[in-house]
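Colleague: Produce the complete structure using the sequences and hints provided.
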Amino acid sequence: MDNEIGNEIADALGILLKRTTRAHLHQRLTEGMGEAVDDVTYPVLSALARTGPRSAADLAHDVGIDRSGVTRRASRLEAAGLVRREPDPADRRAHLLVLTEEGRLVVAELRARLADHITASLSSWPPGEAETFARHLRRFTAEGPFGQAVSSGSRDGTVGSQEP
Numbered sequence: 546m547d548n549e550i551g552n553e554i555a556d557a558l559g560i561l562l563k564r565t566t567r568a569h570l571h572q573r574l575t576e577g578m579g580e581a582v583d584d585v586t587y588p589v590l591s592a593l594a595r596t597g598p599r600s601a602a603d604l605a606h607d608v609g610i611d612r613s614g615v616t617r618r619a620s621r622l623e624a625a626g627l628v629r630r631e632p633d634p635a636d637r638r639a640h641l642l643v644l645t646e647e648g649r650l651v652v653a654e655l656r657a658r659l660a661d662h663i664t665a666s667l668s669s670w671p672p673g674e675a676e677t678f679a680r681h682l683r684r685f686t687a688e689g690p691f692g693q694a695v696s697s698g699s700r701d702g703t704v705g706s707q708e709p
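With the numbering used here, letter number 74 in the sequence shown gets 619, and the count goes up by one each step, no holes.
It should be emphasised that the hints constitute simulated quantities derived from the structure, not laboratory data.
Here the structure is a predicted model, which means the values were calculated and not measured.
Careful: at least some of the hints might be erroneous.
Have a look at the derived ranges for each label pair, beta carbon to beta carbon [stated by the list, open to error]:
no.	residue 1	residue 2	range
1	Arg573	Gly597	24 to 34 angstroms
2	Ala639	Ser669	46 to 56 angstroms
3	Ala665	Phe691	22 to 32 angstroms
Glycine is no exception: its CB is placed at the ideal position from the N, C-alpha and C atoms.
Modeller: Structure representation (structure tokens):
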């Protein structure tokens, strides 16, 4: 494989990873979900669903904002009944952010919306091509340059949130 393919993939990833691209998608996905669920709080919900209970400091690394930013977003989600704080059994001075049952239902709805959006955007692809793309994308995330970041991103080893 020559460097041209690597550059082409890097260019596509640059578009996908742009903050404005993600914010636009998050805004579209959260439309009509209530005041607390928007493009700003979506990453916190998604990360908690992916990783399980986490402290604001730990979650900040996954979300890409500082701890105080996570805390502000978590407070909005807590006021809406989507997140609760629990004492951290490993450190009694700290608290963990935990999705409530209502929060899990909201995340399920957001994931369904994302899957629907992706499926609709691929509907014009020839039969089998989307499946092949999905298989190769999974392999790329597991074995490619991001493989270590994906596998170490959660406390319990699970990967499954669909946060672009």
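Colleague: If a hint holds in the structure, say so; if it does not, say that too.
Modeller: Status of each hint after checking the structure:
The hinted range of 24 to 34 angstroms is satisfied by arginine 573 and glycine 597, whose Cβ atoms lie roughly 27 angstroms apart. Here the CB-CB span from alanine 639 to serine 669 is close to 49 angstroms, well matched to the stated 46 to 56 angstroms. The supplied range of 22 to 32 angstroms is met by alanine 665 and phenylalanine 691, whose beta-carbon atoms lie about 26 angstroms from each other.
Of the numbered hints stated above, none is contradicted by the structure.
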